[in-house]
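Keeping their order, the protein sequence lines are chains A and B.
Position 43 (the first sequence) corresponds to 43 in our numbering; numbering is contiguous.
Position 495 (the second sequence) corresponds to 495 in our numbering; numbering is contiguous.
Hints were generated in silico from the structure; no laboratory data involved.
Cβ coordinates follow ideal geometry from the N, Cα and C atoms, glycine included.
Heads up, a few of these hints could be off.
[As the list claims (entries may be wrong)] Heads up, simulated BS3-like pairs for lysine-lysine below, C-alpha to C-alpha not over 27 Å straight-line:
#1 Lys78/B to Lys122/A
#2 Lys576/B to Lys512/B
#3 Lys102/A to Lys44/A
#4 Lys131/A to Lys331/B
#5 Lys102/A to Lys334/B
#6 Lys131/A to Lys78/B
#7 Lys334/B to Lys6/A
#8 Lys122/A to Lys148/B
#9 Lys3/A to Lys331/B
#10 Lys537/B to Lys571/B
#11 Lys127/A to Lys526/B
#12 Lys571/B to Lys501/B
#13 Lys541/B to Lys594/B
#14 Lys266/B to Lys469/B
#15 Lys124/A to Lys541/B
#16 Lys409/B to Lys334/B
#17 Lys102/A to Lys124/A
#18 Lys127/A to Lys266/B
#19 Lys152/A to Lys60/A
#20 Lys107/A to Lys148/B
#21 Lys148/B to Lys127/A
[As the list claims (entries may be wrong)] Here are some chain B residues the structure puts well away from chain A; computed CB gaps all over 10 Å:
#22 Asn7
#23 Asp35
#24 Ile61
#25 Ile152
#26 Trp234
#27 Thr361
#28 Thr572
[Stated by the list, open to error] So the derived list for chain A, only partly shown, Cβ under 10 Å to chain B, looks like this:
#29 Gln2
#30 Ser18
#31 Ser23
#32 Lys60
#33 Ala70
#34 Ser111
#35 Asn115
#36 Tyr162
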Amino acid sequence: MQKIIKIIISFIFLFVISIFYISLTRDTNYNTSSLINKETPEFKIISFNDSNYYTRDDIKNNYTLINFWASWCAPCRIEHPILMKLSQTKNLVILGINFKDKEPQAKTFLSELGNPYDLLAKDKNGKHSVKFGIYGIPESILINKELMIIQKFVGPLSDDDYNNIIKIIE
Amino acid sequence: MLSNLGNILLFLNVILSLSIIYTANRNLKISGGIDKNIFQLSLIQSTSIIICFFVLVAAFIVSDFSLIAVYQNSHSLKPLFYKIAGTWGNHEGSLLLWAIILAIFSFLFLVYNKDHPKKFRLLTLIIQNILILGFLFFILFNSNPFSKISPIPSEGLGLNPILQDPALAIHPPLLYVGFVGASIYFSAAIASLISNYSERSFSLSIKNWVLISWCFQTLGILVGSIWAYYELGWGGFWFWDPVENASLLPWFAMTALFHSLIVFEKRNLFYFWVIILCLITFTLSVTGTFLVRSGILNSVHTFASDPTRGIYILIFLSLMIFGSIFLLFQKYKKENYDLNRNSKETFILVNNWFMMFYLITVLLGTIYPIFTDALTDNKISVGPPFYNAIIFPVVVVFLLFMALGPKTKWIKNKFENIRIYFLILAGATSLNLAIIFFFKSYSLLSNFIIISALFLIISSLMDIAKAFKKNKIDFARIISHTSFGFLVLFIGLNSIFSLEKDYNIKLGETKKFENYSIQLKNLDLKNYKNYQAIIGKLEIKNLNSNQINILNPEIRIYNKPKTLTYEAAIKTSLIKDYYLTMSNIDRSDYYNIKFQKKPLMAWIWISVIMIVVGGLIRLFSNAKNN
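Start from the sequences and build out the full structure, keeping to the hints where you can.
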């Protein structure tokens, strides 16, 4: 009898632990899927190089990938070659938003690894990025011609993401 | 620089833990006392981990943004107090605080338990150091507060404004002493099982530690509730939020534990039950940590979710659980209690059943949504209605037992003078009727709760009179039990007599309800550094007493990004709180105001403080007796 009880107790714990494990692999908290199929929020964000502002009008009539990056962000380096590849494709405007960064370092970053951005803006204190549900960087958002958000990429872009984007814009 | 220093100190601590384990293990095999080196190593360990923590504090003070932890949680313009509090206001820093508590408790336990067998003390030290190692590895390889970023950002990301609150600055350390303090009796329980140290003197080695962690846990929960009440703007203080529950679960286990320890100490009964409770308490602490830090629960406390972090804690937790149940099954011997149904032992056992009932209820409510989500893809949430429906009716019976239990005698009790209890019950009932007569009537369940709370209060107070005659007063118990009665009474009265009114109001307009009038006298626009505030001036007038109170709730508009926050205005007095929030209504000159009258709020806080005072008195009298 005691043996059975012991086995049952052990199984209960095993069961609880495995449920915990399963739950870990699901994403519950950070889910911005609600942004998808929503219209791009209004924004007015200052250009990186001059004192012009970019707004939604600048990204109309084209597929746009908004990419949030910074020179201090290690994963941004990892995804950079993918962005460089994407910059070769037609049909796609890449709007880079330099996130909470120092200008000289951001410039060095681009001259070192190349500049994939058609438009480049800066968000010095990270306040504009909040509108796009940016949680940490790198993150990217793919917007269609009607200014609808069709995809959001959290973390560095991968080769799969690259193929995915190419499929969508073609 | 600070980063390197911190990392070196962390590595030093790993080496120290390993050498303590090694030396203690070697010392086990030879006769004689405990090697002096072990004391020294343990002292150095505590000292160096404290220094390591202060290195991190220093990094926050000087705003060294080369550390990710500082960059993510601080800002150079933050007031010094919150810079310092920022050290433990984040995952990485708080883990370092855990490690400190583990190490200090380990050292103090070693020093203060000279009368206990050497093998038991050394094994406790070894187990505790294994726990310390586990945490150190976690800190070093997963959640290192000294991780660097390069290039160094010019400014930090700051801390969420609602977290910049004095109550919230001291809330985590208090709670951690409770949570992590439980580790020492976890280690002691394992050591006791391995070394077969099951004499009743074992209870002496741990009972003060249980009390210390319990006192801190209680205070930590209290401070958290106070923060929620003042800052969250809902007017409540307990939301049955999963993270709140996580702090309550070990509290139930601790409370059961120190009651059982009394029986174990006096009657040498319940040894295995005490051991099980020791193991459960710390296991629940770690489970709570897992639930909170892994991000699998959604709650107002949500930290950034990080699966690898969760996996690490889960592995740690599994090792703890399966290690302890394996050992327990090996050593477990059936104990035959021949308890008299009417005896102090039985009553304390009943207390434990109640505690287990609450624990299981809250545990189920907390993890049930995780289970349904994982097994059936169904997202459900378990909220206050579930807890209120299950917990409160049972409280009635619990309070009655709590009143009777302390009056019983060990081994065999006989209730003499049963008439007195009926008198107390009659007294409590008539007081309850008086409340209804003078104020208003309320639900049947509320009636029962108020009566049973009064029953507990009156009968505990009568114990004082009785004890004076015998010249032997157990202040600790009487204060804690009476205060618990008051706590339930005040919570009951508070929820019965709370008044909540919602109005749309224009400038100059007056609204009347019951015996109050409320007028929006003025609106003031003020500019601050990073926000604009619309400050309402509302006059609340008690029409019976003509007493006037002015409350100034705020609507804050932060510039970048444009966000609105609502600051509640609270007027606290001993009898009642007025609680007022105001929000604007788009495209109109009306404002929505929510007025709440919350009676006896201050007394809820005071009752909890008094419960802790009881615990502290017990702690000091224990220390004196030793």
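Handout entry: Restraint satisfaction for lysine 60/A [CB to CB of chain B, less than 10 Å]
Key = For lysine 60/A, the interface hint is violated, since the closest Cβ of chain B sits about 23 Å away, which is over 10 Å.
Handout entry: chain A versus asparagine 7/B - minimum CB to CB distance exceeding 10 Å, so not interface
Key = holds, 18 Å
Practice task
Could you check if asparagine 115/A really has its C-beta closer than 10 Å to a C-beta on chain B?
Solution key: This hint is violated: asparagine 115/A lies away from chain B, its Cβ roughly 18 Å from the closest one there, beyond 10 Å.
Practice task
Return the status of the interface hint for serine 18/A: holds when the least beta-carbon distance to chain B is below 10 Å, violated otherwise.
Solution key: holds, 9 Å
Problem - Supplied contact hint for alanine 70/A, tested at 10 Å Cβ to chain B - result: holds, 8 Å
Practice task
Compare the distance between the alpha carbons of lysine 107/A and lysine 148/B with 27 Å, and conclude whether the hinted pair is satisfied.
Solution key: holds, 22 Å
Exercise for the section: Beyond 10 Å from every chain A Cβ: check whether that's true for threonine 361/B. Expected result: holds, 16 Å
Exercise for the section: Let me know if the C-beta of serine 111/A comes in closer than 10 Å to any C-beta of chain B, holds or violated. Expected result: At about 15 Å, which exceeds the 10 Å cut-off, the nearest Cβ of chain B leaves the hint on serine 111/A violated.
Exercise for the section: Given the hint that lysine 124/A pairs with lysine 541/B, test it: the Cα-Cα distance must not exceed 27 Å. Expected result: Answer violated: lysine 124/A to lysine 541/B is near 49 Å, above 27 Å.
Exercise for the section: Assess, step by step, whether the Cα of lysine 127/A is no farther than 27 Å from the Cα of lysine 266/B, and give holds or violated. Expected result: Status violated; Cα separation ~63 Å.
Handout entry: Per-residue hint verdict: tyrosine 162/A, partner chain B, C-beta under 10 Å
Key = Check failed: Cβ of tyrosine 162/A comes no nearer than 24 Å to chain B, outside 10 Å.
Handout entry: Pair hint outcome, lysine 537/B versus lysine 571/B [Cα-Cα no greater than 27 Å]
Key = holds, 13 Å
The structure fails to meet hints 4, 5, 15, 18, 25, 32, 34, 35, 36 from the earlier list, while all remaining hints are met.
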